[in-house]
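K.L.:
What follows is the residue order along each chain.
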Amino acid sequence: MLKINKLHKSYPIGDSSLHVLKGIDLSVESGEMVAIMGSSGSGKSTLLNIIGMLDEADEGEYVLDNVPIKNLTEKKAAIYRNKFLGFIFQSFNLINYKNALDNVALPLYYQGLKRKERIEKGLFHLEKVGLRDWADHLPNELSGGQKQRVAIARALAANPKLLLADEPTGALDTKTSHEIMEFIQSLNDEGKTILMVTHEEDIANMCKRIVRLKDGVIMEDTFVEQVRASQYV
Amino acid sequence: MVRFLFERDTWQEVYDSLTKNKLRTVLTMVGVWWGILLLIGLLGSARGLENSFNRLFGSFATNSVFVWAQSTSKPFKGFQEGRQVKLSISDAEKIEENVEGIEFVVPRSQSQALVVHDFLSGNFGVSGDYPLLDKVQKKKMMKGRFINQIDIEENRKVAVISEDIYKQLFKKDEEMLGEYIQLNGMNFKVVGMFETGNVNMGPRSDIHIPFTTFQQIYNMGEEIGWMMITGKPEYDIAQIESDAKLLLKNLNQIHPDDKRAFGGFNLGKEFAKVTGFLKGMQFLTWFVGIATLIAGVFAIGNILLITVKERTKEIGVRRALGATPFEIKRQIILEAVFITIIAGLMGIISGGLILMLLDSSFGLGSETEVLINASVSIAVVFIALIILVVLGTLIGLIPANKATSVKPIDALREE
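Just so you know, the sequences run in chain order B and H.
Its first residue numbered 122, the first sequence is counted upward by one per residue in the numbering used here.
Its first residue numbered 73, the second sequence is counted upward by one per residue in the numbering used here.
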């Protein structure tokens with residue numbers, strides 16, 4: 122599904138440069154649910170951004186679904202992002218002047234689907250996250266948990282192969298976090314491959330595998346017994 | 073590429089993002105609207121001024137010069153300086169025969185007379201004229217006719233009076249055709265009335281009588297007061313003036329370098345000055361209008377730039393969701409062009425209203441009549457709009473490029 126080989130990345134800071142990723146090797150199979158952990162500055166977000174094609178590696182190989190991701194033009198990267206990836210952000214990143222349905226349907230717009238189809242699919246995914254009745258509400262009329270669910274529906278809308286979540290519960294209280302995690306787990310149960318960055322131990326334990334980063338290298342990569350979020354809800 | 077222009081979603085996106093931030097949309101539109109409004113208002117007013125000017129001078133043959141006699145300033149062939157020069161009919165005829173490019177030579181004589189009708193009287197300028205005067209200085213006849221050839225040949229005692237005189241000497245709505253007025257005690261039959269109001273070049277004449285009659289009653293003999301010379305359109309009137317004056321000096325034994333012997337008023341030259349002034353004003357109008365337009369376009373660019381900055385995160389999200397840079401740019405440019413067109417059209421409409429307002433308060437039929445038919449040609453308006461759209465697009469490119477030059481990851485980090 123995803124294969125990373127000797128990945129390097131550094132950022133220029135003034136005259137010097139900061140070496141953030143120092144040779145990462147990682148492979149993820151289809152249907153996995155992986156948590157990437159690490160303290161701040163460990164390079165976990167950078168890794169996620171490179172996987173998400175939002176950023177580019179300086180060195181190393183990255184193959185996603187048998188497609189080598191290298192020297193992408195912005196246009197090609199956009200098309201791959203749309204086709205392969207679904208993003209879930211810590212701060213939801215919904216477009217605040219579009220209602221829930223339009224937000225969910227946005228990736229479909231960029232896929233070039235007809236409006237009718239977009240509405241149909243958008244409503245289907247809103248239904249899936251249990252917010253069909255909120256379809257015509259603007260983001261600021263929704264609670265944090267609802268916003269994140271809309272964001273998840275949006276990430277799912279284009280039916281991506283890989284879901285990337287950057288601290289998906291970072292802005293939510295514990296109870297809502299667990300609800301969101303329960304939902305993400307159910308997506309994984311259905312076969313979605315999920316990669317999430319988190320620094321919360323209990324959230325990481327709800328995944329099936331934990332990759333720990335420190336100073337740009339993988340310190341630990343273990344499969345864990347998945348804690349079901351449903352028991353807390 | 074073209075297809076997307078006809079898709080509902082495209083316009084939905086434009087509508088959403090424009091209505092989302094009403095203040096910025098309105099401010100942008102005001103910039104363009106004001107630019108177009110000023111351009112149209114200024115151009116229309118300049119045109120109106122030109123029109124009213126043409127109306128005033130249109131009845132004149134502008135390619136003409138007035139020549140009159142003064143006294144000599146140089147002794148010549150035994151004559152002392154300071155001799156009073158007199159123009160005669162034969163001078164006029166010789167000029168017509170000998171000077172190149174002449175169209176008409178119209179001799180005129182002018183005097184003051186006490187004019188009486190019933191118990192009303194006044195002192196007015198009286199001039200003796202040929203029918204030809206009507207050709208070089210069009211009289212707008214309100215009633216009756218101008219002097220004709222038979223009047224000249226028979227030395228008839230007929231008079232053509234101005235509207236002003238009619239108002240002063242006749243009772244309201246009183247019939248004046250066929251009525252008699254007294255000029256210095258002699259009865260003249262009124263045969264026509266002309267409209268006053270046109271600019272009067274030369275001495276003011278309220279009453280025109282046949283030239284021959286004038287010569288007779290004032291004992292002028294061959295002497296004439298002054299003459300009006302008009303040139304054919306393709307000839308330079310300044311050249312005609314100096315040719316005619318030289319000939320006159322020759323005929324009247326005057327030193328060829330004598331500058332004072334004949335006075336002249338070159339209408340062509342004066343007219344050119346005013347036309348030059350109008351041209352200058354038109355240039356100024358264009359300059360100001362276009363500068364305002366450009367300022368408006370920059371306002372659009374500026375506000376779009378701020379908007380893009382505000383929307384960096386949104387643009388980042390859109391790109392994460394699969395929007396290509398081209399799609400982002402297209403959207404921003406479309407917004408710019410759309411705003412420009414709408415504001416431009418509003419400017420055109422309100423500019424038109426302003427011109428209508430100007431026309432009703434200063435146009436034909438108003439008291440002043442300084443701006444007649446203030447208008448702008450449709451072509452000019454559309455060219456202005458097209459320029460605006462093109463500039464709007466170009467200026468939209470700057471924020472559009474800025475929007476896509478930011479990496480999506482940086483855009484998303486923006487808080």
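Just so you know, the hints here were simulated from the structure itself, not pulled from any lab data.
Please note that the accuracy of each hint is not assured.
[Unchecked claim] Dumping the calculated BS3-like pairs for lysine-lysine here, alpha-carbon to alpha-carbon at most 30 Å:
| hint | chain 1 | residue 1 | chain 2 | residue 2 |
| --- | --- | --- | --- | --- |
| 1 | B | K296 | B | K191 |
| 2 | H | K479 | B | K204 |
| 3 | B | K196 | H | K207 |
| 4 | B | K197 | H | K401 |
| 5 | B | K124 | H | K261 |
| 6 | H | K92 | B | K237 |
| 7 | H | K479 | B | K143 |
| 8 | B | K237 | H | K207 |
| 9 | H | K92 | B | K235 |
| 10 | H | K304 | B | K127 |
| 11 | H | K479 | B | K219 |
| 12 | H | K92 | B | K249 |
| 13 | H | K94 | B | K219 |
| 14 | H | K146 | H | K207 |
| 15 | B | K282 | H | K401 |
K.L.:
Run every hint past the structure and note whether it holds.
P.N.:
Against the structure, the hints come out as follows:
1. B:K296 <-> B:K191: Roughly 41 Å between the alpha carbons, so the hint for B:K296 and B:K191 is violated.
2. H:K479 <-> B:K204: holds, 19 Å
3. B:K196 <-> H:K207: Violated - the C-alpha atoms of H:K207 and B:K196 are around 76 Å apart, more than 30 Å.
4. B:K197 <-> H:K401: holds, 16 Å
5. B:K124 <-> H:K261: Distance of about 116 Å is beyond 30 Å: violated.
6. H:K92 <-> B:K237: holds, 24 Å
7. H:K479 <-> B:K143: holds, 22 Å
8. B:K237 <-> H:K207: Outside the cut-off at roughly 76 Å; violated.
9. H:K92 <-> B:K235: Cα-Cα ~24 Å, so holds.
10. H:K304 <-> B:K127: Outside the cut-off at roughly 93 Å; violated.
11. H:K479 <-> B:K219: holds, 23 Å
12. H:K92 <-> B:K249: With a Cα-Cα distance of about 29 Å, the restraint between H:K92 and B:K249 holds, given a limit of 30 Å.
13. H:K94 <-> B:K219: holds, 15 Å
14. H:K146 <-> H:K207: Not OK: H:K146 and H:K207 at ~36 Å, beyond 30 Å, violated.
15. B:K282 <-> H:K401: holds, 28 Å
Checked against the numbered hints above, the structure breaks hints 1, 3, 5, 8, 10 and 14 and satisfies the rest.
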